[in-house]
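J.: Protein chains in written order, with my numbering: chain V, 1 to 586; chain R, 1 to 234.
Don't read these hints as lab results, they were simulated from the structure. Using N, Cα and C, we set each Cβ at its ideal position, and we do this for glycine too. Certain hints may be false.
[As the list claims (entries may be wrong)] Chain V side only, calculated, beta carbon under 8 angstroms to chain R, not exhaustive:
| no. | residue |
| --- | --- |
| 1 | 289 |
| 2 | 291 |
| 3 | 299 |
| 4 | 339 |
| 5 | 340 |
| 6 | 343 |
| 7 | 346 |
| 8 | 347 |
| 9 | 348 |
| 10 | 358 |
| 11 | 360 |
| 12 | 380 |
| 13 | 413 |
[Stated by the list, open to error] Ranges between beta-carbon positions, derived for each pair:
| no. | chain 1 | residue 1 | chain 2 | residue 2 | range |
| --- | --- | --- | --- | --- | --- |
| 14 | V | 143 | R | 133 | 37 to 47 angstroms |
| 15 | V | 332 | R | 78 | 49 to 59 angstroms |
| 16 | V | 415 | R | 94 | 23 to 33 angstroms |
Residues per chain are reported as follows:
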Amino acid sequence: MLCGVLLLARPAAAAQAGGLDVRVGFAGAVRVGVPVPVRVAVSLLPEAGPASLVIDAPAMGPQAGPVTDTTVVPFEAEPGALQSFDVPVVLGNIRQPLVVRVLMAGREVARRVVPITPSLVGGRVVVTLSDEHAGLDSLSRLDERVVPAYADADALPHRWQEYGAVDLLVIRDLDPARLDDEQRDALATWVRLGGRLVVIVRQGVPAPAFLDDILPADAGDVRSLTVSGGATASPGAAWPPGPYTVTALAPRPGATVTRLGGIPVIASAAVGLGWVAVWGVDPWQPPVAGWAGRQGLWVGALGPPSRPLVNVSSVADLLPNGTPIGPGVHALVAGAIVAYLGVLYLIARRRAPGAGALASVGVVVIALAVFWLLAGDVRGRSTSVAEVTFFEAAPGTDAARALTVAVVSVPYGGPYRVRGAPREVVGPAAASGDLRATVADTGTVLEGTLPAGAEMRAFQSLALAQFAARAEITADGRTLTVDVGPEPVRRAELRWGARTYRLGDLPPGASTHAMDPSRWVSLTEIDSHAPVRAWIFQASTGDVIMNPTTPILVGEIPHTVPVFDLADGGTVDARPAILLLPVAGR
Amino acid sequence: MGNAVLRGDLRARGASRKVLAIEFFYLGILGLLTLLGLPPELNRPEVSNQTSLGLALLGVQGVLVTYFASACAAQEIAVEGERPSVDLAFGPFPRRMIVVGKSLASLATIVYWLLLGSPLLILAIGIRQGSVAMLAAVSALVAIEAWGIAQLGLLYSIVIDSEFSRAVVHWTTLLALFVATLALPVDQQWLNPIVAVARAAGGAFPVQAVIVYAALGLAAGGLAQLALRRYGAS
Numbered sequence: 001m002l003c004g005v006l007l008l009a010r011p012a013a014a015a016q017a018g019g020l021d022v023r024v025g026f027a028g029a030v031r032v033g034v035p036v037p038v039r040v041a042v043s044l045l046p047e048a049g050p051a052s053l054v055i056d057a058p059a060m061g062p063q064a065g066p067v068t069d070t071t072v073v074p075f076e077a078e079p080g081a082l083q084s085f086d087v088p089v090v091l092g093n094i095r096q097p098l099v100v101r102v103l104m105a106g107r108e109v110a111r112r113v114v115p116i117t118p119s120l121v122g123g124r125v126v127v128t129l130s131d132e133h134a135g136l137d138s139l140s141r142l143d144e145r146v147v148p149a150y151a152d153a154d155a156l157p158h159r160w161q162e163y164g165a166v167d168l169l170v171i172r173d174l175d176p177a178r179l180d181d182e183q184r185d186a187l188a189t190w191v192r193l194g195g196r197l198v199v200i201v202r203q204g205v206p207a208p209a210f211l212d213d214i215l216p217a218d219a220g221d222v223r224s225l226t227v228s229g230g231a232t233a234s235p236g237a238a239w240p241p242g243p244y245t246v247t248a249l250a251p252r253p254g255a256t257v258t259r260l261g262g263i264p265v266i267a268s269a270a271v272g273l274g275w276v277a278v279w280g281v282d283p284w285q286p287p288v289a290g291w292a293g294r295q296g297l298w299v300g301a302l303g304p305p306s307r308p309l310v311n312v313s314s315v316a317d318l319l320p321n322g323t324p325i326g327p328g329v330h331a332l333v334a335g336a337i338v339a340y341l342g343v344l345y346l347i348a349r350r351r352a353p354g355a356g357a358l359a360s361v362g363v364v365v366i367a368l369a370v371f372w373l374l375a376g377d378v379r380g381r382s383t384s385v386a387e388v389t390f391f392e393a394a395p396g397t398d399a400a401r402a403l404t405v406a407v408v409s410v411p412y413g414g415p416y417r418v419r420g421a422p423r424e425v426v427g428p429a430a431a432s433g434d435l436r437a438t439v440a441d442t443g444t445v446l447e448g449t450l451p452a453g454a455e456m457r458a459f460q461s462l463a464l465a466q467f468a469a470r471a472e473i474t475a476d477g478r479t480l481t482v483d484v485g486p487e488p489v490r491r492a493e494l495r496w497g498a499r500t501y502r503l504g505d506l507p508p509g510a511s512t513h514a515m516d517p518s519r520w521v522s523l524t525e526i527d528s529h530a531p532v533r534a535w536i537f538q539a540s541t542g543d544v545i546m547n548p549t550t551p552i553l554v555g556e557i558p559h560t561v562p563v564f565d566l567a568d569g570g571t572v573d574a575r576p577a578i579l580l581l582p583v584a585g586r
Numbered sequence: 001m002g003n004a005v006l007r008g009d010l011r012a013r014g015a016s017r018k019v020l021a022i023e024f025f026y027l028g029i030l031g032l033l034t035l036l037g038l039p040p041e042l043n044r045p046e047v048s049n050q051t052s053l054g055l056a057l058l059g060v061q062g063v064l065v066t067y068f069a070s071a072c073a074a075q076e077i078a079v080e081g082e083r084p085s086v087d088l089a090f091g092p093f094p095r096r097m098i099v100v101g102k103s104l105a106s107l108a109t110i111v112y113w114l115l116l117g118s119p120l121l122i123l124a125i126g127i128r129q130g131s132v133a134m135l136a137a138v139s140a141l142v143a144i145e146a147w148g149i150a151q152l153g154l155l156y157s158i159v160i161d162s163e164f165s166r167a168v169v170h171w172t173t174l175l176a177l178f179v180a181t182l183a184l185p186v187d188q189q190w191l192n193p194i195v196a197v198a199r200a201a202g203g204a205f206p207v208q209a210v211i212v213y214a215a216l217g218l219a220a221g222g223l224a225q226l227a228l229r230r231y232g233a234s
């Protein structure tokens, strides 16, 4: 559910009576199952001291009764001060309201119940930063339950992962000074890692400078022109005739350009895993405003629904449910048992029968206490977490989207405490039982109890990773050039749709490979247990990587750093990471 | 301890190498199962299968304690220095003292063995998040079952002179109780000592089993007292 929280130095817009102002999502627009920002402003606290912000998010679970994912943010209360928090929360059950509370010394000092508006729960969400809160209503008529939301700069999250609900962000009126550095970085990172952004430039409103690195065009002069019609604006639609005031664009290399009266007015390009467009024509101004074909522009900008490459459920199923405990534990238990029997034997041999029996009973009493403690220790060590990380490299950048899937298992059930790495956004990978997430500087601690018979639970973590890699294939498909960076990649293969091409181990750095088109084979034809394949692909379920529509290079990266660990000790089984590197055409 | 028979039997068992061997065989088996039962269990078929080595440990304990207690009572295992009931009947001991003494000696031995095994069980149960109350309930059940069957052994030691015939009848009894009862309808299988233990471990304590085995023990003790009359004991 959550893992990141920010205590904002900047005061929130306003704190309502009762001491809590809560804003969920983007002007209320949310999606189910992905992290959405929950901004909480706390004021009017009665005293200084340790306090906790508690967010109860109803979730769906397999068992009967209510299930709640609770996020706890400890903080130091300052009476009279306005304290603001930005917490990513995954909404699982929108029929029930979000409950936000502030606790001090176990006492509830503030409480707010925030219902989720059903009409603002989108299948896809378009967020627009515009002074004019209208104009996108037609998107609601699309089949994909698109929810347009008009937000302001304060709504932009501080973590890129909190954009998970957003399919398209439109920036029209944005004063960059209202964004702090974290918000700027989060926005740019989100785009590089798969976000879609439209920046509308117009007279007096240039593109935000902090986005300059990712924009596909530079803004030029503002020009006035009259169009009589005929120029193509989008597939199947021509610009409406009339007088225009546009900003001429200077497209950068690789940009796709749409012209109006011969002037470049729309430029778009892929950036990493994302997509950015600059519009020099303002759809809120006539003659585009009110134009029926305008929806085609928005549909083009919205693009097709994004499909995750990794099937988290399949990965969770493949991860081992429990790992063998170390030989040290067996030795410890065996030693304790032998010592117990040895003491009993010595007593039986050296003591008179009556006294021996009494001494044995004394040993039994001591052994009961010792073995009970030993049982707790063994149980703690038997708790395990197995994880695998997928690095989805963003082409042309040194960034990668790091998705980690982990399975915690507690033999025979019982409590667990899993700690995620700092700066990660972590949460459950599937609907399950109650969960409590406590934010700490060292990472978020996820706590819960697994019932006997359901002894595992899956989590996922999303983070930004530094990973510079690239892969290109020639147009004839016969030469592949790969640069995988400083680490070798083992058991590499290309994936494209339902076909695969085995490459074998790749050395660090750049390498070139001659490709034989006849060696592409269908996934259903290959031996799923072939040792040349990465472990994650050796299982019978071949849908870990969902059939990519463009070529993807996949392979194992041997050295990985565990993302999750067990706060109370246990076994951590970090499997080799999997590289997912989009292959560009050349 | 006013019962001389009880005193003598406990003294003999405390000094017996056979009993010591029995105890360490029993504890060795429990220890081995405890070690093998460390999670993840070997060959544990699936998560939903709750038939684990933890439960097997309780069953094995019940079988071992019951067999050794009844075998000692039936003189199938002759404990050094322990005089059979029939021999005592020719002595100055009243029948009641002999039967009560032998009976309490069996019960004390059973409880002692259960106590010796309890640390190993608490380790296995603790690892599996089982409750101490459950373990106490199962131990009490095993004690009553083993005592009831040991009382049958005591009866056999008095009424069956031939050692071979006594062993055959003893084993037949054990097979009948531990195996043949599995053929009963499911709602009556609580008569099986292992099924009863499993149900107690599962939280459904079989009170009927306690009543039946306690009654069996009392009845066998009464019959043993009657049987001693033929040896002229008062």
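J.: Decide, hint by hint, whether the structure agrees.
T.: Against the structure, the hints:
1. 289: At 60 angstroms from the nearest chain R Cβ, residue 289 of chain V fails the 8 angstroms test, so the hint is violated.
2. 291: 60 angstroms, violated
3. 299: Since the shortest Cβ distance to chain R is 47 angstroms, the answer is violated.
4. 339: 11 angstroms, violated
5. 340: Constraint on residue 340 of chain V satisfied, holds at 6 angstroms.
6. 343: 11 angstroms, violated
7. 346: Since chain R brings no Cβ nearer than about 12 angstroms to residue 346 of chain V, farther than 8 angstroms, the hint is violated.
8. 347: 11 angstroms, violated
9. 348: Since chain R brings a Cβ to about 5 angstroms from residue 348 of chain V, closer than 8 angstroms, the hint holds.
10. 358: Where the cut-off is 8 angstroms and the nearest Cβ of chain R is about 10 angstroms from residue 358 of chain V, the hint is violated.
11. 360: 7 angstroms, holds
12. 380: Violated: closest Cβ of chain R sits about 10 angstroms from residue 380 of chain V, beyond 8 angstroms.
13. 413: Result: holds, 6 angstroms to nearest chain R Cβ.
14. V/143 to R/133: 37 to 47 angstroms: 59 angstroms, violated
15. V/332 to R/78: 49 to 59 angstroms: Violated, since residue 332 of chain V and residue 78 of chain R (Cβ atoms, about 40 angstroms apart) do not stay within the stated range.
16. V/415 to R/94: 23 to 33 angstroms: 59 angstroms, violated
Violation of the numbered hints given earlier is confined to hints 1, 2, 3, 4, 6, 7, 8, 10, 12, 14, 15, 16; the remaining hints are satisfied by the structure.
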